[in-house]
Amino acid sequence: YGDPGSKVILTLSQKHSVVSKMVQIEENCETWKIMLDPVAQGGPYTIEVHQYIKEEVSNLSLKDIYFGDVWICSGQSNMEMTVSQIFNASKEMEDASKYPLVRIFSTALIQSE
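Following the UniProt record's numbering, the residues of the sequence shown are numbered contiguously, the last one being 113.
Hints may contain errors.
[Stated by the list, open to error] Here are the simulated DSSO-like cross-link-like pairs (lysine-lysine), alpha carbons at most 27 Å apart as the crow flies:
no., residue 1, residue 2
1, K7, K33
2, K33, K63
3, K15, K33
[Stated by the list, open to error] Simulated DEER-style distance windows between Cβ atoms:
no., residue 1, residue 2, range
4, C73, D95, 39 to 45 Å
5, D69, I47, 16 to 22 Å
6, S20, E113, 16 to 22 Å
Because the hints were derived from the structure by calculation, they are not lab data.
Beta carbons: idealized from backbone N, C-alpha and C, even for Gly.
When you get a sec, could you build the whole thing from the sequences and use the hints?
As structure tokens, then:
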């Protein structure tokens, strides 16, 4: 979301590469979208967003961003099972350090309105 008429600049950076994209928010709109070209898998990347409203600047920074495959899993109570509850738990927990780029996102157990 942003202020109508303002300019938004998104910068995607990694050690040796920087990509910037700009969009002007339409006068009758408060939302904006920037489409990035395909990004090579890996990271870490940093995403910085700057919104210029008259003489003020609003900033947002996201760090430690990785691009790559995304797996979405769903189910019922079986999806709540923790690693410590499985048959070979100690082995799996020991091997977890081999996968430092795996990220887990869990949503709340509430229904949307």
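Do the hints match the structure? See the list:
1. K7 x K33: With Cα atoms ~12 Å apart, K7 and K33 stay inside 27 Å; holds.
2. K33 x K63: Between K33 and K63 the Cα gap is close to 20 Å, so the pair holds against 27 Å.
3. K15 x K33: Distance ~25 Å between K15 and K33 Cα, so the pair holds.
4. C73 x D95: 39 to 45 Å: Violated - the Cβ-Cβ distance for C73 and D95, about 19 Å, lies outside 39 to 45 Å.
5. D69 x I47: 16 to 22 Å: Once the Cβ atoms are compared, 19 Å apart, the range 16 to 22 Å for I47 and D69 holds.
6. S20 x E113: 16 to 22 Å: 37 Å, violated
When the structure is compared with the earlier hints, violations turn up for hints 4 and 6 and for no others.
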